[in-house]
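Novice: Just so you know, the protein sequences line up as chains H and R, in that order. Residues 1 to 177 in the working numbering are what the first sequence lists, from first letter to last. Residues 1001 to 1745 in the working numbering are what the second sequence lists, from first letter to last.
Simulated from the structure, these hints should not be mistaken for lab results. Treat each hint with caution, since some may be false.
Some residues of chain H that are not near chain R, with every Cβ distance over 10 Å (derived) [what the hints assert, rightly or not]:
| # | residue |
| --- | --- |
| 1 | LYS10 |
| 2 | GLY14 |
| 3 | ASP17 |
| 4 | ILE20 |
| 5 | ALA21 |
| 6 | THR44 |
| 7 | MET50 |
| 8 | ILE52 |
| 9 | PRO64 |
| 10 | GLY72 |
| 11 | CYS134 |
| 12 | SER152 |
| 13 | GLN166 |
Here are the simulated lysine to any residue pairs, SDA-like style, with alpha carbons at most 25 Å apart [what the hints assert, rightly or not]:
| # | chain 1 | residue 1 | chain 2 | residue 2 |
| --- | --- | --- | --- | --- |
| 14 | H | LYS10 | R | LYS1492 |
| 15 | R | LYS1065 | H | ARG121 |
| 16 | R | LYS1253 | H | TYR160 |
| 17 | R | LYS1253 | H | ARG121 |
| 18 | H | LYS124 | R | LYS1647 |
| 19 | R | LYS1647 | H | LYS148 |
| 20 | H | LYS159 | R | ALA1230 |
| 21 | R | LYS1065 | H | GLY132 |
| 22 | R | LYS1065 | H | ILE154 |
| 23 | H | LYS148 | R | LYS1444 |
| 24 | H | LYS124 | R | LYS1675 |
| 25 | R | LYS1234 | H | TYR45 |
| 26 | R | LYS1067 | H | VAL119 |
| 27 | R | LYS1320 | H | SER149 |
| 28 | R | LYS1065 | H | SER149 |
| 29 | R | LYS1310 | H | LEU48 |
| 30 | R | LYS1287 | R | LYS1647 |
| 31 | R | LYS1675 | H | TYR32 |
| 32 | H | LYS10 | R | GLU1218 |
| 33 | R | LYS1234 | H | TYR32 |
| 34 | R | LYS1234 | H | ILE154 |
| 35 | R | LYS1492 | H | PRO147 |
| 36 | R | LYS1444 | R | ARG1390 |
| 37 | H | LYS10 | R | ALA1230 |
| 38 | R | LYS1253 | H | VAL38 |
| 39 | H | LYS124 | R | ILE1554 |
| 40 | R | LYS1234 | H | SER149 |
C-beta: ideal position from N, C-alpha, C; glycine also.
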Amino acid sequence: MRYAMAIDTKKCVGCSDCVIACQTENNVPIGYCRDWIVEVTDGTYPQLEMEIRSERCNHCDNSPCVRCCPTGASHIVEGGIVLVTPNECIGCGACIASCPYDARYPHPDGHVDKCTFCVHRVEKGQQPACVGVCPTNCLYFGDLDDPKSEVSEILKTRKYKTLIPQAGTEPQLYFLI
Amino acid sequence: MANRRQFLKLSTIGIGGMTVGLGACKYIDDFTEIKNNPDELTINLTRTPTYCEVCFWKCAGWVYKTKDGHIWKIIGNDEDQHSNGRFCPRGTGGVGMYYDEDRLKTPLIRTGKRGEFKFREASWDEALDLVAENMKKISAEHGAECIALLTHGSGGKFFGDTLKAFGSTNIAAPSYAQCRGPREVAFTNTFGEGIGSPERTDIRDTKCLVLIGSHLGENMHNGQVQEMSAAIDKGATIITVDPRFSVAAGKSKYWLPIKPATDLALLLAWIHVIIYEEWYDKRYVEKYTFGFDYLKEHVRTMTPEWAYGKTTIQPDIIRKTAKEMANASPAVIIHPGRHVTWYGDDTQRLRAVAILNALLGSWGRRGGFYAPSKLSVPSYPHPEFPKPARTWRDAFPGKYNLADETLASGVCDATIPSIDRSCNFKMWIVNGTNLINTLPDTAKTLEAIDALDFIVVVDTMPMEIVSYADVVLPECTYLERYDAIRVSPHRKPAIALRMPAVEPKYNTKPAWWIAKQLAEKLGLGHFVPYDNIEEMLNWQLKEVGSSLEEMQKIGVKTYEREWDDLYFTENEDVEFFTNTGKIELYSSSFVEQGFDAMPNYTEHPQPPEGFYRLNYGRAPMHTFSRTANNANLTDLMEENVLWVNPKVASLWNLENAQPVWLINQDGIVSSFPIKVRITERIRWDSVYMVHGFGHAQKQLTRCYGKGASDTQLISNVMEDPIMGGTGMRGNFVSFLTEKPEEAIL
Ligand code: SF4
Ligand code: SF4
Ligand code: SF4
């Protein structure tokens, strides 16, 4: 099993609903976030192009954050989901420095926090909170090893890219372009 | 150990990879009372139904609570056609309204001057007695008709009923004359029916969606945004006309970066092309419309070349986009927009939109405009309301006859004393609308307020308007109350229930209770003959085959349509509710009222040297000015910024994030500075900001002085003679880089 997410940049409107739904679902303290929006505009008026991306942890197959964690708090569970165990985390910040995507933040309670792919929901067969709320239906989540999953299906038909592939982390967020 | 997550939720990367943080992400430690273990939270949850009150879309959903009774999250109801189980960011963050520690907490009676925000606390009894006493006094001296209700939101129904029982029907929502009024009048006088809310646009199945200044996606009208996305999936063509490269423009096959204030020329040229190229739906036009030959002659000279000189849109692009629409016909929508009070000829511009839709045969067709269906739910039996001797219309003899709702701006005008009027308004009841940031020309609003004998404000938050109140009545939030059943038109008729998820915080009360108490104090208790709202709702629900108990469990109930008439059937004979019974390309009622039967282009002023047109719009995380203090939403967007084209920025030596004050054509200076955002996404002749910021009320501790208020700078109002709409896009601003004397911050 290999969980992954596809994000359709052609549909995302940058509304931040995925951000706030994650914050409320996971009780992320106000002032912090596990997912965020990046908007890139290219060109000069009126020859313009824009890409909007909803970003979060890439749950990398080759994850430097897990490798560099001195306590084993950062670890990988079934389906390739990268997690942090709060009470094993000493808040040293090594993982934050190692992540090329800036996906981790220091939680005010003293541990590091990040996107969990809403593992507590996924275990129950639900979708991650961001996927479930997105008003444009532009987020797709599922198992890449299952060729019939929504995410596998959409990656078969659409062009996509990953972010900073040259970092070699084998990220599992696929941006449909 | 700070990292970017702490500062940025939304970053924008423009030319040269420059990143500008828009979403401030400050940590506020007094808010999160809930524990941080989601596993623990998923057990023992209770959920109650509601429909959202953060905007007028009224999405139905569920409020989830933790076992210790805290509101955890709000999630859409899958059964609901407004949300399809997905709330927008504002609805998801609606919980911030409940937890806001700046809320109004108890009734207040004014002790200082109006505007000073000096009050003493009062009991509900004392406050309501004072309101009732003043209503009776005004009624005795001037007539009950001299009292007006200005409202936006669910509470309006209850206050409206109390006011009607008292003898006044002057009930106005700024969402008409300050927003969608022109489109309703234009469509009603073309097709015999208005657009309504939620809009009857069949975006889901359209093949071509044309947006004129309408920025869906930033404008988070949930269902429409969802359907636009579905249409993108199905490969629909989107054409966006906007001087700004909006999010929708970024998703469009064609973006037409039009010169501001010239949209009507483009619309007329499209009409010209579609008629003279014979791309219109001939059978539809022949069968259903009136006045085609007049129209054809009317637009004879309005060629794409004619429009090019005005709009700066190339003639071949005008033809190509017209062809795209024709190819998609009848599954094409020239979208009527929502906030359309721009230049004072808005009803005529929207008439051109309606005419285009008629020529392409989209009204009544799949992928165009469907016929919504609404359940009829009887009101709880009460005596008939008295017939008022006068209405707001008497203040404007011969004017605005085509307006089909009360003008909030008209009420304001008719409050300023004039001897030519039999009824100058003497008292306002204001519910859920911050008129200071809603009505343009603030000086006039203040003059009207000054002339009032009495003003009551019912709100949840200490908005600017509250400071002018003689009596403040603190309403509880939608999460703490019952309201009327939501009965709105959609593809299928449906109802939704709002019930309290939690007890009202502080000494706040639901609107229905306040209005009922007031009625009783006025001796009108027999108009509200139920003990509590549950009794009334249960009665109503039983009338439509449900019950309060059932609705508490399901939240939303969808019914089947009585007739299978979502779209016209092939060759159906249709009678339209117009004078001619046809779709009027030539408007007979406009002629009756002395207006042009078909739209004509008029030039509007362009900005003088050194000034830029002030354009404003919406952000998906905020509703008007009402959410600016919501902790969850300010966390996503804390202030508005001023979009400035790089050419303009270099002319003025402006830098990104530099605070500037704005001065408008009448010398009005913004009270607060606004940060510059240099972006290619805006034309060089205009600037842009999101509406609803620049709050000047200190009691709004989170949003006080954050960003600038567009409303403050809208002193030039271009009135629509047809229906009294207040055109607000004819204001021009320039930059002040040093703090001016008039500024507060
Ligand atoms: S909720 Fe969906 S549309 Fe909105 S920003 Fe997130 S991914 Fe984009
Ligand atoms: S995105 Fe960053 S935090 Fe997430 S798995 Fe990859 S390296 Fe680790
Ligand atoms: S569109 Fe958003 S704010 Fe408006 S009612 Fe729906 S969820 Fe609430």
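Novice: When the structure is checked against the list of hints, which entries are broken? Sort them ascending.
Specialist: 1, 2, 3, 4, 5, 6, 7, 8, 11, 14, 17, 18, 19, 22, 23, 24, 25, 27, 28, 30, 33, 35
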